[in-house]
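Under the numbering used here, the residues of the sequence shown are numbered 4 to 884, in order.
In case anyone wonders, no lab produced these hints; they're calculated from the structure. Backbone N, C-alpha and C define an ideal beta-carbon position, used for all residues, glycine too. A few of these clues could be false.
Claimed, not checked - Result set (DSS-like, lysine-lysine): computed pairs, CA atoms no more than 25 Å apart in a straight line: (1) Lys776 x Lys829; (2) Lys467 x Lys532; (3) Lys764 x Lys829; (4) Lys829 x Lys660; (5) Lys879 x Lys829; (6) Lys608 x Lys764; (7) Lys879 x Lys845; (8) Lys880 x Lys845; (9) Lys467 x Lys557; (10) Lys776 x Lys764.
As the list claims (entries may be wrong) - Across the chosen pairs, the derived CB separations fall in these ranges: (11) Asp450 x Asn522: 36 to 42 Å; (12) Lys283 x Gln146: 37 to 43 Å; (13) Ala337 x Gln507: 57 to 63 Å; (14) Asp139 x Thr240: 24 to 30 Å; (15) Ser503 x Val788: 31 to 37 Å; (16) Leu125 x Gln369: 48 to 54 Å; (17) Ser293 x Asp139: 40 to 46 Å; (18) Thr433 x Val788: 23 to 29 Å; (19) Asn53 x Gln369: 21 to 27 Å; (20) Ser431 x Gly750: 17 to 23 Å.
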Amino acid sequence: MNTKLLSLLFFLLLSFAGKGQIVTIPDWNFKTKLLSADSSNFTAKDLSGNYFKIDANNDGEIQISEAEQVSYILVDYSGISSLVGISSFTNLKNLYCRNNSLVSLDLQGLNNLQYLDCKNNLLTSIAIQGLINLQDLDCTNNQLTALDVQGCTNLKKIYCQFNPIPTLDFSGMSSLEYLDFEYNQITSLNLQGCTNLNDLRVKHNQLSTMNLQGLANLVYLSCEYNQLTSLNLAGCTSLMIFDCSYNNLTSLSVQGLIGLQNLTCSFNQLTSVNLQGAVKLEYFYCDNNSISALDVQGNTNLYFLICHNNLLTSLDLHGLANLNNAVLFNNQLATLNLLGCTNLLTLNCQSNQLTWLNAESSILLQNINCSNNPLSMLFIKNGSNENLTIDNLPGLQYVCCDPSQIGYVQNKVTMAGIVGCNVNAYCSFTPGGNYNTITGTVRFDEDNNGCDSNDEFFEHMKLKINDGTNVGYTFINNLGNYNFYTQAGNFTITGEPENSPLFQVIPASFSTSFADNNNHVFTKDMCVKAIGNSNDLEVVVAPVTAAVPGFNSKYRLMWRNKGNTTISGSVVLTFDHHKMNYVSSSLPVSSVSGDQITINFSNIKPFGNTASEIIFTINPPTHSTYPVHSGDILNFSAMVNPVAADINPLDNVFNYKQTVVNSFDPNDIICLEGNSIPVSMVGNYLHYIVNFENTGTAPAANVVVEMDIDPNDFDISTLQLQNSSHQVYTKVSGNKVEFMMKNANLGNGGHGNVLMKVMSKNNLIPGDHVENKANIYFDYNFPIVTNEEMTQIENVLQVVDVKKDDSVKVYPIPTKGDVTIEAGSKIISVEVYDGQGRILQKHTGVDSHSTKITIRSAGSGVYFMKIYTDKGLMLKKVIKN
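Start from the sequences and build out the full structure, keeping to the hints where you can.
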């Protein structure tokens with residue numbers, strides 16, 4: 004019994020002795036820091052996670068029992084060189100001892116430790132083996148030459164940058180998720196069995212090989228600045244971010260890495276990169292390598308492409324709608340396909356071998372640098388006013404840009420010292436970038452039962468567009484179609500047939516609106532019905548080429564139906580058969596007799612338009628009877644029949660006088676009324692033909708005729724397209740008219756023309772003149788600027804301060820030669836003038852209420868008779884068949 008009591012007493016004494024045992028802490032700074040802990044600072048936490056005072060009994064020492072109450076220690080920046088005594092803190096979970104002077108650290112036995120941060124010390128060794136609960140370790144910026152984590156079976160993250168560690172073995176550590184050993188001296192790295200590793204950072208080491216097999220969960224891999232010559236990523240199926248820059252890799256494959264988003268392999272010796280299957284790739288940096296070919300067609304999510312300083316000779320980026328930035332300078336690119344790169348903001352392709360660059364798909368482009376290339380063609384008509392750098396492009400011949408950017412680009416061309424570069428917007432006939440379209444088909448309801456596909460197109464009718472501020476026009480093309488291209492806004496479209504009282508357009512007008520310019524299409528067909536039955540034919544004869552003695556000369560004979568009935572009839576061209584010989588007609592001729600050519604036509608629909616190209620041979624100067632010399636006048640008169648029931652018989656006849664020349668420019672503009680008109684014609688239509696001929700050595704796919712109409716001379720709202728040699732899209736905006744002929748395919752020597760009419764302003768007076776010229780664009784060449792065609796307003800036929808005598812009557816009109824004049828007052832004299840206002844006859848001393856005048860010797864055409872009576876004057880227009 005006494006023995007049992009003694010044993011119990013001995014055990015109790017040992018227990019009390021143990022609880023009062025003091026922890027030996029030789030480093031004064033460490034001990035002082037621990038003793039300073041209390042609830043007002045952040046040095047220590049108790050087992051409940053609260054900041055507290057470790058020296059609970061205030062004896063200036065730390066007993067083992069007190070140490071066992073600590074779960075968290077923070078002793079950063081405390082000048083500590085040793086943590087001896089830390090082993091007594093057996094319940095410690097978090098230890099922060101950063102920025103001290105520790106040389107070694109032994110934490111073995113602290114089996115509850117979960118987080119250790121000892122970076123920025125002088126550590127050469129750490130003993131942490133067997134710490135089964137350790138999860139995070141940060142030993143960055145020390146002097147460690149080795150790291151043994153065996154037994155740390157729950158270790159997930161290691162941060163160990165800036166140490167001289169040469170070898171690492173983490174084999175079998177399946178718990179590891181994050182490893183950062185940047186800026187070490189690692190030559191060997193064993194990751195076998197690290198199946199949960201998702202983040203590996205080993206840049207700035209000395210690795211020449213790296214085995215990544217089995218790392219199926221690896222998401223982030225950074226191994227730049229090593230000595231790697233090859234890398235197998237086949238098993239890294241979860242990889243999203245990968246950087247292997249500054250190595251010695253010669254080839255790289257990320258094939259099948261479907262989750263890869265960011266790949267950087269700059270500054271290697273790569274000759275090839277396989278990106279197949281990397282469908283989520285967004286950022287790809289492969290600059291400063293020797294890559295000669297690159298396939299990114301399957302990488303449709305690509306956002307950044309940086310591959311300058313390589314050996315690429317071609318690059319196909321078409322369809323990469325997400326591409327935002329492409330840096331491609333210093334390659335050998337001869338071709339670059341940007342089709343579909345709609346979100347591209349920046350393109351740098353300077354210092355390559357590009358001769359042709361098209362960025363029209365890049366509607367958001369902000370910056371483009373294509374300097375130092377043998378570039379001849381640049382297409383940036385994309386709806387965006389990008390910043391353009393074009394230094395050292397001596398061969399640049401053509402830049403196509405948005406109309407709003409033409410001035411800026413021309414200035415850039417000039418500033419760069421580029422000579423002979425044409426800048427315009429005619430590489431396409433639609434706006435650049437995003438735009439909306441208002442379109443439709445217009446037909447004539449001949450059978451008065453509503454328009455359907457069986458009804459004819461109502462070609463050449465004018466349509467007006469009004470957005471409340473600006474007005475523009477277009478004309479129905481030969482296929483019955485119209486198109487207006489707009490941005491956001493409200494728009495009203497109105498049909499304007501030339502003889503508007505004869506037609507009902509359904510709807511007469513319509514409106515539509517667009518909230519944005521996101522390529523909306525609004526389709527509205529229109530139907531034209533006849534009001535009553537009215538015949539109205541029109542004829543024009545115009546030269547296609549100049550008349551040169553001894554050579555063939557071409558003329559365009561055009562007739563059109565402006566009325567609302569279907570008409571059959573004939574057109575007669577009268578010419579000076581003594582001075583020229585008929586050769587051929589592009590349409591069948593009914594008869595050629597003496598000085599007249601007759602062409603019959605049948606069933607020409609309302610607004611139908613027909614033209615024949617007729618060729619004559621002009622007599623040479625050596626002709627024995629009728630020699631033709633430069634300066635001679637050739638007279639033509641055209642008449643379209645029937646005239647009798649025509650509501651406007653005056654335009655059933657058209658006279659043209661042509662001056663013979665020895666040489667000519669095939670690209671010209673001619674006013675068919677001549678170089679002068681009488682003041683009586685002011686406010687009427689003037690007819691113009693613009694002739695063009697491809698004098699280049701290659702076919703011209705597209706032709707544009709551009710004219711700026713002077714608003715002081717003409718009313719552009721009256722402009723009418725009468726005929727064109729090719730399918731034409733006409734755009735009238737402001738005072739500019741553009742006749743755009745897409746796919747004209749004009750061969751070498753091929754020619755064409757546009758025939759139009761426009762009314763002069765009615766406030767012109769004698770001595771004034773009107774003039775027009777045209778710019779003719781063949782594909783991407785400089786425009787050919789035609790002559791300035793000037794027509795003078797003459798005082799011929801003008802009588803001032805003379806009373807008008809309305810009693811005067813002239814008949815028959817039209818006439819075959821004899822005209823009767825009757826008046827309620829006595830007729831004093833009669834003067835006869837041709838269509839150009841030149842006097843042909845003068846009859847004085849009539850002194851009668853009636854007289855007869857003959858103009859049989861004159862050719863068919865329009866003439867004027869000025870009839871003076873004792874009460875005033877009357878001017879009458881006469882048509883001779």
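Here is how each hint holds up against the structure:
Note on Lys776 and Lys829: the hinted pairing is violated, with a Cα-Cα distance of about 47 Å set against a maximum of 25 Å. About 19 Å separates the Cα atoms of Lys467 and Lys532, which keeps this hinted pair within 25 Å; it holds. With a C-alpha separation of about 36 Å, the suggested pair Lys764 and Lys829 falls outside the 25 Å cut-off, and the hint is violated. A distance of roughly 35 Å separates the Cα atoms of Lys829 and Lys660; the hinted pair therefore is violated under the 25 Å criterion.
With a CA separation close to 17 Å, the supplied pair Lys879 and Lys829 stays within the 25 Å bound. Our distance criterion of 25 Å between C-alpha atoms is broken by Lys608 and Lys764, whose separation comes to about 32 Å. With a C-alpha separation of about 15 Å, the suggested pairing of Lys879 with Lys845 holds against the 25 Å cut-off. Taking the CA atoms of Lys880 and Lys845, the gap is about 16 Å. The hint holds against a cut of 25 Å.
Proximity of Lys467 to Lys557 is assessed by CA-CA distance (about 34 Å); at most 25 Å being required, the pair is judged violated. For a cut-off of 25 Å, the pair hint linking Lys776 to Lys764 stands: about 17 Å separates their Cα positions. At about 37 Å, the CB distance of Asp450 to Asn522 agrees with the hint of 36 to 42 Å. Separation of Lys283 from Gln146 is about 41 Å and conforms to the stated range, judged on CB atoms against 37 to 43 Å.
Between Ala337 and Gln507 the Cβ separation comes to about 59 Å, which falls inside the hinted range of 57 to 63 Å. Roughly 26 Å separates the CB atoms of Asp139 and Thr240, a value that falls within the hinted 24 to 30 Å. Between Ser503 and Val788 the beta carbons are some 36 Å apart, a value that agrees with the proposed interval 31 to 37 Å. Distance hint check for Leu125 and Gln369: the Cβ-Cβ separation is about 51 Å, which falls inside the suggested range of 48 to 54 Å.
A hinted range of 40 to 46 Å holds for the C-beta pair Ser293 and Asp139, which are about 42 Å apart. Between Thr433 and Val788 the beta carbons are some 25 Å apart, a value that agrees with the proposed interval 23 to 29 Å. Range check, Asn53 to Gln369: Cβ separation about 56 Å, and the 21 to 27 Å hint is violated. Between Ser431 and Gly750 the CB atoms are about 22 Å apart, so this pair conforms to the stated range of 17 to 23 Å.
In terms of the numbered hints stated before, the structure departs from hints 1, 3, 4, 6, 9, 19, listed from lowest to highest.
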